[in-house]
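J.: Given next are the chains, with one letter for each unit.
2 protein chains.
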Amino acid sequence: MKIFACQLNPTVGDLKGNAAKIAAAYARGVNFGADVVIFPEMMLTGYLPGDLLFSEDFLVALDIEVNKLVRDTTEDTALILSVPHRVGRHTTHATTGLVDKPPTFNSALFCAGGKVLSIHGKEHLFNYSVADEKRVFAPYRGHAPQLWKGVSIGIPICRDVWYSDVSDKLKAAGAEILLSPNGSPYFSGKHESRVQIMQNRVAETGCPALYLNLVGGQDDYIFDGCSFALSTDETKPTAQFAAWEEEEQLLVLEHGHLKGAHTPLPKNKWEDISHAMVMGLKDYCHKNGFTKATLGLSGGVDSALVAALAAEALGAENVTGLLMPSDYSSSHSVDDANALAKNLGIHTHTLPIQALKGAFDTTWEGTFSEKPSGLTEQNLQARLRGSLVMAFTNANASTLALTTGNKSEVAVGYCTLYGDMNGGYNPIKDLYKTEVFELCAWINRDKEIIPHNILSKAPSAELAPDQKDSDSLPDYNVLDAVLKLAIEQNIWSAETIAKQTGANTQVVKDILRLIRINEYKRYQAAPGPKLSKIAFGVDRRYPLTNKFSL
Amino acid sequence: MKIFACQLNPTVGDLKGNAAKIAAAYARGVNFGADVVIFPEMMLTGYLPGDLLFSEDFLVALDIEVNKLVRDTTEDTALILSVPHRVGRHTTHATTGLVDKPPTFNSALFCAGGKVLSIHGKEHLFNYSVADEKRVFAPYRGHAPQLWKGVSIGIPICRDVWYSDVSDKLKAAGAEILLSPNGSPYFSGKHESRVQIMQNRVAETGCPALYLNLVGGQDDYIFDGCSFALSTDETKPTAQFAAWEEEEQLLVLEHGHLKGAHTPLPKNKWEDISHAMVMGLKDYCHKNGFTKATLGLSGGVDSALVAALAAEALGAENVTGLLMPSDYSSSHSVDDANALAKNLGIHTHTLPIQALKGAFDTTWEGTFSEKPSGLTEQNLQARLRGSLVMAFTNANASTLALTTGNKSEVAVGYCTLYGDMNGGYNPIKDLYKTEVFELCAWINRDKEIIPHNILSKAPSAELAPDQKDSDSLPDYNVLDAVLKLAIEQNIWSAETIAKQTGANTQVVKDILRLIRINEYKRYQAAPGPKLSKIAFGVDRRYPLTNKFSL
Numbered sequence: 015m016k017i018f019a020c021q022l023n024p025t026v027g028d029l030k031g032n033a034a035k036i037a038a039a040y041a042r043g044v045n046f047g048a049d050v051v052i053f054p055e056m057m058l059t060g061y062l063p064g065d066l067l068f069s070e071d072f073l074v075a076l077d078i079e080v081n082k083l084v085r086d087t088t089e090d091t092a093l094i095l096s097v098p099h100r101v102g103r104h105t106t107h108a109t110t111g112l113v114d115k116p117p118t119f120n121s122a123l124f125c126a127g128g129k130v131l132s133i134h135g136k137e138h139l140f141n142y143s144v145a146d147e148k149r150v151f152a153p154y155r156g157h158a159p160q161l162w163k164g165v166s167i168g169i170p171i172c173r174d175v176w177y178s179d180v181s182d183k184l185k186a187a188g189a190e191i192l193l194s195p196n197g198s199p200y201f202s203g204k205h206e207s208r209v210q211i212m213q214n215r216v217a218e219t220g221c222p223a224l225y226l227n228l229v230g231g232q233d234d235y236i237f238d239g240c241s242f243a244l245s246t247d248e249t250k251p252t253a254q255f256a257a258w259e260e261e262e263q264l265l266v267l268e269h270g271h272l273k274g275a276h277t278p279l280p281k282n283k284w285e286d287i288s289h290a291m292v293m294g295l296k297d298y299c300h301k302n303g304f305t306k307a308t309l310g311l312s313g314g315v316d317s318a319l320v321a322a323l324a325a326e327a328l329g330a331e332n333v334t335g336l337l338m339p340s341d342y343s344s345s346h347s348v349d350d351a352n353a354l355a356k357n358l359g360i361h362t363h364t365l366p367i368q369a370l371k372g373a374f375d376t377t378w379e380g381t382f383s384e385k386p387s388g389l390t391e392q393n394l395q396a397r398l399r400g401s402l403v404m405a406f407t408n409a410n411a412s413t414l415a416l417t418t419g420n421k422s423e424v425a426v427g428y429c430t431l432y433g434d435m436n437g438g439y440n441p442i443k444d445l446y447k448t449e450v451f452e453l454c455a456w457i458n459r460d461k462e463i464i465p466h467n468i469l470s471k472a473p474s475a476e477l478a479p480d481q482k483d484s485d486s487l488p489d490y491n492v493l494d495a496v497l498k499l500a501i502e503q504n505i506w507s508a509e510t511i512a513k514q515t516g517a518n519t520q521v522v523k524d525i526l527r528l529i530r531i532n533e534y535k536r537y538q539a540a541p542g543p544k545l546s547k548i549a550f551g552v553d554r555r556y557p558l559t560n561k562f563s564l
Numbered sequence: 015m016k017i018f019a020c021q022l023n024p025t026v027g028d029l030k031g032n033a034a035k036i037a038a039a040y041a042r043g044v045n046f047g048a049d050v051v052i053f054p055e056m057m058l059t060g061y062l063p064g065d066l067l068f069s070e071d072f073l074v075a076l077d078i079e080v081n082k083l084v085r086d087t088t089e090d091t092a093l094i095l096s097v098p099h100r101v102g103r104h105t106t107h108a109t110t111g112l113v114d115k116p117p118t119f120n121s122a123l124f125c126a127g128g129k130v131l132s133i134h135g136k137e138h139l140f141n142y143s144v145a146d147e148k149r150v151f152a153p154y155r156g157h158a159p160q161l162w163k164g165v166s167i168g169i170p171i172c173r174d175v176w177y178s179d180v181s182d183k184l185k186a187a188g189a190e191i192l193l194s195p196n197g198s199p200y201f202s203g204k205h206e207s208r209v210q211i212m213q214n215r216v217a218e219t220g221c222p223a224l225y226l227n228l229v230g231g232q233d234d235y236i237f238d239g240c241s242f243a244l245s246t247d248e249t250k251p252t253a254q255f256a257a258w259e260e261e262e263q264l265l266v267l268e269h270g271h272l273k274g275a276h277t278p279l280p281k282n283k284w285e286d287i288s289h290a291m292v293m294g295l296k297d298y299c300h301k302n303g304f305t306k307a308t309l310g311l312s313g314g315v316d317s318a319l320v321a322a323l324a325a326e327a328l329g330a331e332n333v334t335g336l337l338m339p340s341d342y343s344s345s346h347s348v349d350d351a352n353a354l355a356k357n358l359g360i361h362t363h364t365l366p367i368q369a370l371k372g373a374f375d376t377t378w379e380g381t382f383s384e385k386p387s388g389l390t391e392q393n394l395q396a397r398l399r400g401s402l403v404m405a406f407t408n409a410n411a412s413t414l415a416l417t418t419g420n421k422s423e424v425a426v427g428y429c430t431l432y433g434d435m436n437g438g439y440n441p442i443k444d445l446y447k448t449e450v451f452e453l454c455a456w457i458n459r460d461k462e463i464i465p466h467n468i469l470s471k472a473p474s475a476e477l478a479p480d481q482k483d484s485d486s487l488p489d490y491n492v493l494d495a496v497l498k499l500a501i502e503q504n505i506w507s508a509e510t511i512a513k514q515t516g517a518n519t520q521v522v523k524d525i526l527r528l529i530r531i532n533e534y535k536r537y538q539a540a541p542g543p544k545l546s547k548i549a550f551g552v553d554r555r556y557p558l559t560n561k562f563s564l
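Going down the list, the sequences are from chains A and B.
Under the numbering used here, the first residue of the first sequence carries the number 15, and numbering increases by one thereafter.
Under the numbering used here, the first residue of the second sequence carries the number 15, and numbering increases by one thereafter.
Hints were generated in silico from the structure; no laboratory data involved.
Fair warning: there could be bad hints in the mix.
Note: identical chains are not told apart, hence a pair may lie in one copy or across any two.
[To be verified] Cut-off 30 angstroms, straight-line C-alpha distance, at most; resulting in silico cross-link-like pairs (DSSO-like, lysine-lysine):
(1) K513 - K30
(2) K561 - K204
(3) K183 - K148
(4) K148 - K204
Generate the whole structure from the sequences, applying the supplied hints.
T.: Below, the structure written as structure tokens:
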């Protein structure tokens, strides 16, 4: 049996575009003489479609595309198509107004000869991290394999392979192979977990298996692809698809052995993460109609990293850095920013903010008889710069503003809302400051792309004379160690964290307080790619109004 | 039997503060000789606590407060305490890293004599609209009543009274009365639905019933209280608690009849909604440490309404309006804003933006050889004003910036991100423009509070010469009719909407497109009180990247 497995990149809501991609890949499969063509989870709608599934118009439009794809299947080549499948329609209770959701399932349709031969569904819904599947789907329980050309095919969808029950049921009903469509959002290191759980399923059932994942960026999360096949007689994958690229493979099932090609995966964590960030940014831009990006270049490490990623994602010629020095800017900041821009080949413009700040001081003083000072003056500078960045995007069509706050500073609120937080996308939203440095070092592995001086100088916001981050924050090694426990393990005991990190208890208490009271800044922050197990945003849902502290 | 029912306002995460409130109310119940003291849903944690429930530290701290409250119960007065109740602890799978959530239930503990006598739980979890209970809770199924002083008490929690099954089970197990703790977020008209579904439960079971709701604001939603009791021999409530205020009542159950006092409810929709908005704003401020508010006063109707609400919520002396005229501002705008401020008794400052805009023009021209024009110039003015508003909050402690975008303009993106969208809270986030006018008319019912001229002039952003909203947008009556179908019923067919509203199909198409492409602005918008069935924000989860159109 030949299985044509298509690791593709859909766009959420683009039913016609996604259907065209599916039809073209299916046609290639037919040409290759494939017996089965399979796509990742929710390939036709894109994943996750969220409340779009509450729209009757969306579901009707979806049915039209499904029907066309099913109609065009041949007798010889089956299509396994993952889509939401609804049984019945919404009913609204006449007096209470309560709406009964029709049972909509996260499904896979097994189609051939112009017909749907069987419907498969997901039982263990993805309802943690970034996903709310229980909001829109009902759990499916009628698991049964499909016999096709003498082979009994089980189709466990996504999280149904993370538990043994569904595969066990399929095996008990005769399944000889497991083909699993997935939409598994990336975090660093997740691929190893996926291989491991699939190895468990293969060992338990004695069935070879395909794990077929989506690839591409969608708002706050990204899919890494990395699809793979396993057989019972080998412990390592017998086929490996690319990370961060579309790839189609014609897998062959012979004598119970499933095999295909091996595309090399990224060599290390930082290569992997840099690809993740580039794909996240590229897809956010291209799927939303942006071809160019702009950002403030401060001469610091965060904006340097974002500029480097943007140049890779969009092409250096499509990236513009704005230098916006003030009286507090060091001369090396401007030099460093220019050196970076030269290394990358990106455009720059220089817009000094002294005159703006002077006009602001005069306006303010005229009403309040004093100039803005302290935090007011610091935030003001960030907001004037943020307004310049946005003006540049307004004046230049198809240009996205990028914001450059790392996870450490956003965690403790060391950033200005409506200032440096301005922007439609934040490529480094889920990188701690220490990780920003690690990634920069990796980018510089062969030659100096990010100028050495940017990496070696002490971090500074340069919003006050001789300011350093270390005036307000603990050392980033300490800060990040504390943040990881607080954010990724929800530990709120300063004593526990102090014990585990060696940090001073009062320092930890201050950090925990800063995390809590800055939830409002993160509520209004730009999206950015999830890279870790718990990213800020839809992945971590803390109330704004929250007085919990120990 | 005497039941002391406490409609109270907790703060999310404030375990000690909420516990003190519970203890004090319980003590009052004991003094009144109550047989039972009952509180609304999740009174001890506040509602909804979100991912706080993933924190072991939070759950341990919760247990401590629960144990103290239970320990202090007397033999004579039972305490019905709604809290998350966990069975077991988190387990993390050693190799996959998968975390098994312990079964945590949304529970009510029936306590007396220092002990928990029984545990009750919620089966139908609140997992739509603003809530994600299936993310944190498991459904409870062991429903059974508690016998207390000869009366069998059923305790169906919140959504368990919206279906008949749980009450039926309790009745079958002998329940003679239903006491239901609730955390039911407000939307206009919801109270009537609640009474109706409870009447159904009372009719089905023959049991009198108490519907006890939370009161108070929490981020994006508010609880209206409006608790009530029903008996089998009367169709109308036999007790009615206040809307928008804490209230405790000693209800008496005699011969199967449950009765209490009747506190008048708001007389009409607009009185109700204005109370909702005032409570939402007041609680957001006070629970987050703000005593004062500021906002830009444009002389338009949106900022006028927000100023009026803020004056009522925080006291006029704590509200400051900033007048920030430009060359495009009409003289009547300044006059109207001043007349409003005088009517309300709020502070004002005038900060003209000409000088700032001039400095911006010079800075821009120096680099790009032309002044900002068109949309760039329009957005710039909004961003300069937004920066002034934020500077004022930075310079004045405990001051919250209010933003004033109505639901109509935010729906179609007729607002500037990082400009007039600046602010920590938006009191009119969920009011369409036509509703803004209706509410203003109600506020002016006895005397002119919002100057007549503000209500009668044509809406204008005044960001360009002689600009009117109607230059860019259809008439607000048309726009709002279209928006209601698109947003509240997820209708994406321009033809369907055109047919239902009488609007031009192309106009509808343009509006639908604007809704879709402005999702990114709403993603970064401030929170504000949910007033309708579907509000923007956590209540409506559309992807940013979304190419769906018909």
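J.: Each of the hints needs a verdict: does it hold here or not?
T.: Hint by hint, here is what the structure shows:
no. : hint        : in the structure
1   : K513 - K30  : between (56 angstroms within a copy, 25 angstroms between copies)
2   : K561 - K204 : between (34 angstroms within a copy, 29 angstroms between copies)
3   : K183 - K148 : both (22 angstroms within a copy, 25 angstroms between copies)
4   : K148 - K204 : both (23 angstroms within a copy, 24 angstroms between copies)
Figure legend: structure checked against the earlier numbered hints; every hint is met.
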